[in-house]
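> Here are the chains, one letter per residue:
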Amino acid sequence: MDIPILSLLIVVPLIGAIATLFMGGEKQKYAKVVAGVFSAITLVLALLVLFADDMGALAESYAWIQTSAIAISFTLAVDGLSVLMVFLTALLVLLVVILSAEEEDRPNYFHALLLAMEVGLMGVYMAADYFLFYVMWEVTLIPMYFMISWYGGPRRHYAAIKFFIYTHVASLVMLIGIFAMAFEAAQITGTGVVDFAFSVINPAIAGASEMFQVLVFALLFFGFAVKMPVVPFHTWLPDAHTEAPTGGSVLLAGVMLKMGSYGIIRICLEALPLGAEYWQWVVIAIALLSIVYGAYGCIAQTDLKKMVAFSSISHMGMVMLGIGCLSEAGVTFAIFQMFAHGLITAILFMVCGMTGHKVGTREIPLLGGLAGRMPMYALFMMIGFMASLGLPGLVGFWGEFPVIFAFYEFVIANDALWLILFCLLSLMLTAGYYLWAMQRTLFGPETTKIDLTHAHDVSKTEGIALAVLVVLVAFFGVWPDAALSFIEPYVSALANMGVVI
Amino acid sequence: MDMTAIFGDYTAIAPMLILIVGALILPGIQLLSKNRTATWAVALVLVIASIAVNAMLIAEEFTGKAFDLYTYDAYTGLMVLIFQVVLFLGVLVSNASIETTRLHVGAYYALLLGATTGMMFVAGSMDLVSIFIGVELTSISSYALVSLKRKDSRAAEAAVKYVIIGGMSTALTIYGISMLYGLTGTTVINDIAAQTQLTGMNWMFAIALVSMIAGYGFKIAAVPFHMWAPDVYEGASTPVSMFLATGSKKMGLGVFFQIFLIMFVSGTACSAIAGPEVQYLFAIIAAFTMTVGNVVAIAQNNIKRMLAYSSIAQAGYILIVMAVMSEYALAGGLFHMFTHVFMKGGAFLIVGALICAGIGEKISDYRGLAKRAPFLAFAMMLFLFSLAGIPPLAGFTSKFFLFSSAIGSLDGVTSQWVWLAFIAILNSAISLYYYARVVKAMYVEKGTSTEKVSIPAPFMVAIVICVVAVIVLGVYPQIVFDLCEAAAAAMFA
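Each protein sequence line maps, in turn, to chains A and B. Taking the numbering used here, I'd label the letters of the first sequence as residues 1 to 501. Taking the numbering used here, I'd label the letters of the second sequence as residues 1 to 493.
Hints in this document: simulated from the structure, not taken from any laboratory. Among the clues, some could well be false.
Unchecked claim - Examples of chain B residues toward chain A, derived with CB under 8 Å: (1) Pro391; (2) Ser409; (3) Ile425; (4) Ala429; (5) Lys440; (6) Met460; (7) Gln478; (8) Glu485.
Fair warning: this is a prediction, and the values are worked out from it, not measured in the lab. Don't be surprised by glycine CBs; every beta carbon is placed ideally from N, CA and C.
Required output: the full structure, derived from the provided sequences and hints.
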């Protein structure tokens, strides 16, 4: 019997979300157990997909809306690009549930929101129909809005509404691009039906005129770039992260930002290769700007969490730089960097969240010498920072350096070697802000500016969540092939289509 | 069940006849029984009977004429269904709402049924004079409905405004119609279309068109003819506001479809005479209507006024159909009209229900509502997000069809109306801001009271119907969209 495993990846968290939503009153304290069970089942399903013999055979398609002019289907599929994201989503949601075991403020709603977000994220990464893709894309918004505005910090209302409207506007612009592609594809294929399936639109549009691709690329790229986010569309991110609760931040940075880069590869590259070629230098300019500005912004931050938020901008810029090279190596390691950053940033946001929770403030100038009192906390923070700045042997190294190498090849080929300086600058800045932050927070004499008597080290549940991530960070750092073996077939298929060289 | 066997020559107007009978007997029932619940029950039964008959007609794909005056086809069936649903929701809650139970209930139900009869009459008319009569029947009943709450000074002001502006729009319309009659010697829309195709465009024709667009523009509250709507919706009792915002406005939009689409598209006169200019005129009206509606809605503190401005904006979205003038656009527009009944109707119903529970009309009165009435707050959030076009709710699906029609068709992307789609989408984003304000008040802000809210059962039933519809139409729009497509095809046939 065939189990519709991809549909289950959406249905299981959905049931979980509904179940936890109605666990009011006395039953509230069991919400975390229910959420844990459902997210664990989801992770098992995701692992089944990851280790499936033939991922392509898992694809599912059901007719959804069929009219005389329009065909919309509920189509799900996974490939080398999406499977790592599906795994990452399932993993991080489970870890956030474990991490948030001590959440006492309406835990039923908190877990319902988490699982609802998982529904949307899974849907985005598996959708193979533009209508479904867009629906799922928007489904992630509302839970995150409530996550921030219910469980967030002091300026949460402002941050939540800013996040909501900013990214909603971007996705509406993207929607216009999707409409244009669908209609153009209908005309190219001449079947007399506007079919929204990826498998119909992407090949058809790849053959559309350059002018069309250039315009539509701009619309879609804007939608995705805001989500990633890259400079100058990044201003919503630091606010959202600073105010979001730890669990929300982990998911936001870990998997939600990747929706943007995923969309760029899945749609902008697959369907609009001529557009990508046309805008290549703009993409690279934006990427370099993000890398440097993000890193530069980090130095100025006094809030530990805001610093990590800015570092996300810098690291997502690295993803975009890899994509912008339009070379096999560039795209391969851009995808790897998406995965790597997801793992690392989850550690970072967990650690930063703990800082606020355990010490009472995340302001770096107020902290100092925490390593003595909280050794485990210090260890995790060091591992996270080291992984993020690209220490060899940890996963971050394989995300950043091959991308820079791919970019090096690109600038050599285009006689613009000086551009590599931006990358070097950002590497120095990154190492600088992490080490500086670490030194000010963990080492030196213990701070006297705040009361540390109630500070306590990492709890058992938090330790489990962090340890799992650290193991994976080290595992993929030592053996990146484990992830690359998924990515490479996908990218060589892109190369066969002539999308990348 | 074969409807023609029962109603014979009257089949096409059967749903309407039931309501006419109702409008005539209900005041008498109230007078004799002196029991407003009995009157309400009779009204409700008649409305349900009328819906059942119409559903049968739609199911058996009935097409037919009554007295060469009224045509029933897929389009009429759908429009009639929309009006009936609005009427049903309105009547259902009227006996429970403290705003309407103190009125002369016999007259109140008679007027509601009469106004709906007018709308249904318009939906089947293909003649300028019968359309005019239907619109007037609805308008005059509506004036009375608004003024029934006569002891309230806001209602009195609203009614006076409504009557004066309505009268002016009627005058404009009849002026346009008389000019068209003078030019062509007929009031049948198809004949006018054929005539003007022969004679071509001239300035008389242009004046006639403009005065008709202005006249009916008042009815749908298109900018710049929109000023009356917020005052009237605010002043009227909430079930009546709901009825006007979701029902009579759609009649006006139907008039636009019936007169102008037929005249320019079915008559194939579009390219020959005034096509492109009129399309641009409509596009500009649509753009201004949605933008003004949404922008002004941001500044509102009274939720009924906010919903009124949002209705203006929604009418602007639907006017995209008049700019694009394609069959697909019309199907999308009709679908949006259908979903709008439930999302806007639902929102008004919640406002009405909360008024019964002693909660005011200010957005600030909604603070902390999520704790006091979890289901109502959740339903309100669904309706507002649906209006803003957030998937997977009905408003998203219908906007998806409607807006996409401005971008292209099966023949590829038509760049002509892409700017309009951009404006529409930008407006959706703006609208999210003021809808989210209400959601924020309900869910995030703290209220002064934590007392649980209980609302009358009929309101609960009506709201649950709307919630189910908003979700089902969003996730599985197939059945209703098929109806809309059939309706659009009938119009373009």
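> Take the hints in turn and mark each one as holding or not.
Verification of the supplied hints:
Look at B:Pro391: its Cβ gets to within about 4 Å of chain A, closer than 8 Å, so that hint holds up. Taken as an interface hint, B:Ser409 checks out: its beta carbon lies about 7 Å from the nearest beta carbon of chain A, inside 8 Å. A least Cβ separation of about 4 Å between B:Ile425 and chain A falls short of the 8 Å threshold, and the interface hint therefore holds. Annotation: B:Ala429 was flagged as interfacial toward chain A, and the flag holds, the nearest CB pair being 4 Å apart, inside 8 Å.
Taking 8 Å as the C-beta cut-off, the interface hint given for B:Lys440 holds, the closest approach to chain A being about 7 Å. A least Cβ separation of about 18 Å between B:Met460 and chain A goes past the 8 Å threshold, and the interface hint is therefore violated. The interface hint given for B:Gln478 is met, as the beta carbon of that residue sits about 6 Å from the closest beta carbon of chain A, less than 8 Å. With a least beta-carbon distance of about 6 Å to chain A, the hint placing B:Glu485 at the interface is held under the 8 Å criterion.
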